[in-house]
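> Sequence:
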Amino acid sequence: MMTTRRGVLFGAAAFPLLARGSRAQPPWKPNRPVRLVVPFAPGGLTDILARQAAEALTPRLGQTVVVENRGGAGGNLAAEAVARAAPDGHALLVGTQGILAINKALYARLGYDPDTDFVPLGMLAQQPNLLVARARGFGSLAEALAAAKERSGGLSYGSNGAGSFTHLSMELLRSLTGAEMTHVPYRGSAPMLTDLVAGNLDIAFDALGTSLPQVRAGALRALAVSSAARSPLLPEVPSVAETVPGFDATPWYGVFAAAATPPDILAALEAALQAVLTEATWARILSDRQADPLPGDRAALTSRIEREREVWQEVVRRTGVRAD
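If you read the sequence shown in the numbering used here, its first letter stands for residue 524, the second for the next number, and so on.
Treat the hints with caution; some may be incorrect.
[Said to hold, decoys possible] Quick list of simulated restraints, FRET-style, between CB atoms:
| no. | residue 1 | residue 2 | range |
| --- | --- | --- | --- |
| 1 | 555 | 669 | 57 to 65 angstroms |
| 2 | 587 | 816 | 19 to 27 angstroms |
| 3 | 698 | 721 | 23 to 31 angstroms |
| 4 | 594 | 636 | 14 to 22 angstroms |
| 5 | 717 | 810 | 22 to 30 angstroms |
| 6 | 675 | 798 | 51 to 59 angstroms |
| 7 | 565 | 787 | 26 to 34 angstroms |
| 8 | 665 | 758 | 14 to 22 angstroms |
| 9 | 608 | 787 | 32 to 40 angstroms |
In short, the hints are calculated from the structure, not lab data.
Since the structure is predicted, the reported quantities are computational estimates derived from the model, not experimental observations.
Idealized CB from N, CA, C, for every residue including glycine.
Construct all of the structure, not just a fragment, from the sequences and the given hints.
This is the structure:
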């Protein structure tokens, strides 16, 4: 078949148009402010990290990133708000173990599905809890566990409330060691630490930010950190796993998008967040708050959350605790 001059000219003229059309599109940018929904009230570590991240993300995304505090129901209200928002990248969730790995077993009804409704964009930080005892109490975790097995009635331990992460962490320790322990729930960390310092409790897991000042003041003794390895911020304090292999109960804080968000939007959000998390400025922010980085791509973080779901939902099943 002969090729006409008109056909040759048409093909030559069309090729640049096709080439231009096949070029990569510019990265997605939001067209209005982005909401970063925090599941707790202002002032805590989750809120502080979210506000630092929002400030750093704003110039990278070209739109203001605003923090919206929506506390209540163990983080479920915040998660539900993001799950029901349009999956267009303008509503993101600051998620925790409770929301993504525990609450499905803890609550009878949820307005979201943690297994399918969210994808991680990156982890802001992890901050191990401290296992603490009164100053004249046990000298080590091994000593405390030995006492729990030898004493009639075992040990008493405090928590921030039934079903809280500190409660479930101690139940995980109890299940791995067979130690006899009695749970004493409190309405928050402050009254629990007061009773621990006074000698009304034997041990407790508590947030590093609230317990470390008591340790440094000599009112409490740090037995171990709850992370799988020692914290670089407290290298002198052993991990629980050094005495109880396999133990890991490290609270973390991540940024999540709706799973139905288009891939190009997810990629742009993930790239912006990862750029923030790898800056030296972010490392200083974490160090100032006794927190550690938790690096990983989307696949690695998803895998971690899936593993944690199995662990924590089994702990909830064994304890029989319910939140509603």
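> Look at each hint and say if it fits the structure.
Hint-by-hint comparison with the structure:
{"no.": "1", "hint": "555 to 669: 57 to 65 angstroms", "verdict": "holds (59 angstroms)"}
{"no.": "2", "hint": "587 to 816: 19 to 27 angstroms", "verdict": "holds (25 angstroms)"}
{"no.": "3", "hint": "698 to 721: 23 to 31 angstroms", "verdict": "holds (28 angstroms)"}
{"no.": "4", "hint": "594 to 636: 14 to 22 angstroms", "verdict": "holds (21 angstroms)"}
{"no.": "5", "hint": "717 to 810: 22 to 30 angstroms", "verdict": "holds (29 angstroms)"}
{"no.": "6", "hint": "675 to 798: 51 to 59 angstroms", "verdict": "holds (57 angstroms)"}
{"no.": "7", "hint": "565 to 787: 26 to 34 angstroms", "verdict": "holds (33 angstroms)"}
{"no.": "8", "hint": "665 to 758: 14 to 22 angstroms", "verdict": "holds (19 angstroms)"}
{"no.": "9", "hint": "608 to 787: 32 to 40 angstroms", "verdict": "violated (18 angstroms)"}
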